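As a plain string of letters, each chain reads:
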Amino acid sequence: MQPVSSVGIVVPQTAHFDTPLTLKSGAVLPRYDLVYETYGTLNASKSNAVLVCHALSGNHHVAGKYADSDKKPGWWDNMVGPGKPIDTDRFYVIGLNNLGGCHGSTGPASIDPATSQPFGSRFPLVTVEDWVESQARLADRLGIRQFAAIMGGSLGGMQALHWSIHYPQRVRHCLVIASAPKLTAQNIAFNDVARQAILTDPEFHGGDFYAHNTRPRRGLRLARMLGHITYLSDDVMGSKFGRVLRSGAFNYGYDVEFEIESYLRYQGDQFAERFDANTYLLMTKALDYFDPTHHHALPSLAAALAPATADFLVLSFTSDWRFAPERSREIVKALLDNARRVSYAEITSGHGHDAFLMPDAHYHALMRAYMERVIA
Amino acid sequence: MTRHDFQTIAGWVKPGARVLDLGCGDGTLLKYLQDQRQVKGYGVELTDANILASIKHGVNVIQSDLEIGLSVFESGSFDCVILSQTLQAMRHTEPILREMLRVGREGIVTFPNFGYWKNRLQVLRGHMPVSDDIPYQWYDTPNVHLCTMHDFEALCAQLGIRIRERVVMTAGKQVNFMHNFTGSLAVYRFEKAQ
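The listed protein sequences derive, respectively, from chains V and B.
Counting from 30, one number per residue, gives the positions in the first sequence under the numbering used here.
Counting from 21, one number per residue, gives the positions in the second sequence under the numbering used here.
Worth flagging that the hints you see were computed from the coordinates, not collected in a lab.
One or more of the hints may lead you astray.
What the hints assert, rightly or not - Partial pick of chain B residues on the chain V-facing surface, computed with a CB cut under 7 Å: (1) K34; (2) L66; (3) D68; (4) I71; (5) I75; (6) N80; (7) Q83; (8) V92; (9) E94; (10) L166; (11) M169.
Said to hold, decoys possible - Pairs of lysine to any residue residues, derived as SDA-like cross-links and limited to a Cα-Cα distance of at most 25 Å, are as follows: (12) B:K60 x B:T168; (13) B:K51 x V:D366; (14) B:K76 x V:R358; (15) V:K314 x V:D366; (16) B:K60 x V:N367; (17) B:K34 x V:R369; (18) B:K212 x V:R358; (19) B:K60 x V:P336; (20) V:K314 x V:G149; (21) B:K60 x V:P197; (22) B:K138 x B:T168.
For clarity, every value in this text was computed on a predicted model and none was experimentally measured.
Ideal Cβ positions, reconstructed from N, Cα and C, are used throughout, including at glycine.
Input sequences plus hints: build the corresponding full structure.
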């Protein structure tokens with residue numbers, strides 16, 4: 030292993046927008062903030078910008094730390110940094126928190142200037158298309174006409190895909206990782222169970238729990254536990270936890286007995302404390318709604334991707350059953366049907382959907398090699 | 021360094037053609053064709069190492085198993101489909117030849133000619149041949165369907181494939197007589213018989 034270096038201490042920034050944003054739903058956000066971080070230096074020709082789009086529970090904190098004492102760096106710190114596959118010595122990398130998020134960008138927990146109360150249930154549903162629109166405005170603000178690359182895993186990959194369709198001239202390379210062109214019924218079903226857990230929590234108060242000085246912890250915790258199961262593979266759960274018992278013996282009760290129970294409950298508890306329930310609901314809906322063929326009633330994904338002109342790298346992971354390799358191959362096929370420049374790799378990994386966040390050597394080598402092409 | 025069959029293949033590929041290179045290895049041939057003939061296209065590879073090498077070579081590559089066919093590619097989407105030094109390592113020989121002419125107008129295959137006299141001599145001496153073009157011991161070879169030029173041409177006839185051109189080489193030099201005896205490497209250009 031070569032020594033890994035970090036982007037170091039980073040400081041998030043906030044961009045305020047006063048131009049109303051009309052959302053796909055028809056609702057209008059009259060003004061909003063986007064919080065973002067940047068790493069590396071934008072070159073004179075402004076041609077080295079890379080946009081990293083985040084997934085369901087991600088945010089703008091992609092790499093580095095806010096203080097040396099931070100326990101964890103940003104969520105993709107193993108990928109983004111000096112000398113790393115997305116090399117911040119060469120690229121100017123931008124991460125932002127999507128609209129509706131709970132990490133600084135305007136979202137359900139933000140104060141609605143009209144009422145001086147948190148938006149709560151009044152915050153409109155936002156879609157992948159809306160996010161891309163807001164990201165484009167941030168790019169305008171930063172003076173970036175065309176990104177060297179736009180990328181993302183999972184829901185982030187959907188944003189990258191939409192960029193390539195909606196703003197083809199603004200994307201040179203599009204990296205779609207562990208993603209899908211649209212969710213399957215099974216995927217929507219998982220999301221709905223997660224939402225039901227939140228919506229039926231008595232502490233949810235129809236989304237206006239802020240006023241009651243509480244939060245729907247139980248619902249959010251269950252939603253996260255369910256989600257987490259689907260992000261891991263059976264194999265990795267088996268090898269990590271198996272049937273190991275915490276006390277070594279059955280207790281014949283409903284307290285934590287198996288290690289997997291302990292792990293999931295811990296993950297759920299952590300998440301319930303730090304994440305906003307309304308944001309979780311909204312992000313899962315954005316996932317469900319995404320379908321590049323929908324709004325123009327296009328006959329196929331190939332027809333939807335016809336406007337895209339970027340070069341593509343599509344990556345999937347063998348044990349990912351939430352966004353299975355077959356789903357990535359649908360994207361690849363649609364690009365091939367359009368004779369677009371595309372490379373596709375199916376990375377062998379036991380880590381399930383979460384593999385896109387893991388420092389797998391082959392995965393990182395592929396990303397590094399592809400980013401060499403981006404800089405060329 | 022380029023392999024001996026590359027020049028021949030490049031000569032058969034029109035500038036700017038849409039090319040599919042099946043079993044593209046590290047992408048060297050496709051890179052060569054991109055540089056020499058400005059072709060557009062894709063490689064198809066199975067192994068991780070070759071996928072990575074192809075991306076490093078700047079060619080577009082799709083990770084897929086040729087044995088399960090080319091369903092990701094639409095019919096008639098390529099001018100030329102190449103199967104270079106891979107036919108002999110494939111289990112499903114007939115299906116891949118059919119698939120090549122489904123997705124492409126023309127096919128090019130290269131394979132080591134088992135009928136080459138040095139191979140025959142080694143068999144005559146009681147051993148499986150090992151040579152420049154068949155560089156594997158019998159117990160450690162990816163090759164499962166070695167054939168002679170006669171064998172290949174017979175299969176083409178059976179499958180309704182018309183051979184357009186044929187170049188036969190030994191040690192990088194073209195041979196022009198008794199091909200199935202003097203040739204170590206065979207390169208064929210073919211299409212569907214009308």
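Okay, the hints, checked on the actual structure:
{"no.": "1", "hint": "K34", "verdict": "violated, 16 Å"}
{"no.": "2", "hint": "L66", "verdict": "violated, 10 Å"}
{"no.": "3", "hint": "D68", "verdict": "holds, 5 Å"}
{"no.": "4", "hint": "I71", "verdict": "holds, 5 Å"}
{"no.": "5", "hint": "I75", "verdict": "holds, 4 Å"}
{"no.": "6", "hint": "N80", "verdict": "holds, 5 Å"}
{"no.": "7", "hint": "Q83", "verdict": "holds, 5 Å"}
{"no.": "8", "hint": "V92", "verdict": "holds, 5 Å"}
{"no.": "9", "hint": "E94", "verdict": "holds, 6 Å"}
{"no.": "10", "hint": "L166", "verdict": "violated, 29 Å"}
{"no.": "11", "hint": "M169", "verdict": "violated, 33 Å"}
{"no.": "12", "hint": "B:K60 x B:T168", "verdict": "violated, 32 Å"}
{"no.": "13", "hint": "B:K51 x V:D366", "verdict": "holds, 22 Å"}
{"no.": "14", "hint": "B:K76 x V:R358", "verdict": "holds, 21 Å"}
{"no.": "15", "hint": "V:K314 x V:D366", "verdict": "violated, 29 Å"}
{"no.": "16", "hint": "B:K60 x V:N367", "verdict": "holds, 13 Å"}
{"no.": "17", "hint": "B:K34 x V:R369", "verdict": "holds, 20 Å"}
{"no.": "18", "hint": "B:K212 x V:R358", "verdict": "violated, 29 Å"}
{"no.": "19", "hint": "B:K60 x V:P336", "verdict": "holds, 19 Å"}
{"no.": "20", "hint": "V:K314 x V:G149", "verdict": "holds, 16 Å"}
{"no.": "21", "hint": "B:K60 x V:P197", "verdict": "holds, 20 Å"}
{"no.": "22", "hint": "B:K138 x B:T168", "verdict": "holds, 13 Å"}
Taken one by one, the earlier hints fail for this structure at numbers 1, 2, 10, 11, 12, 15, 18, listed in ascending order.
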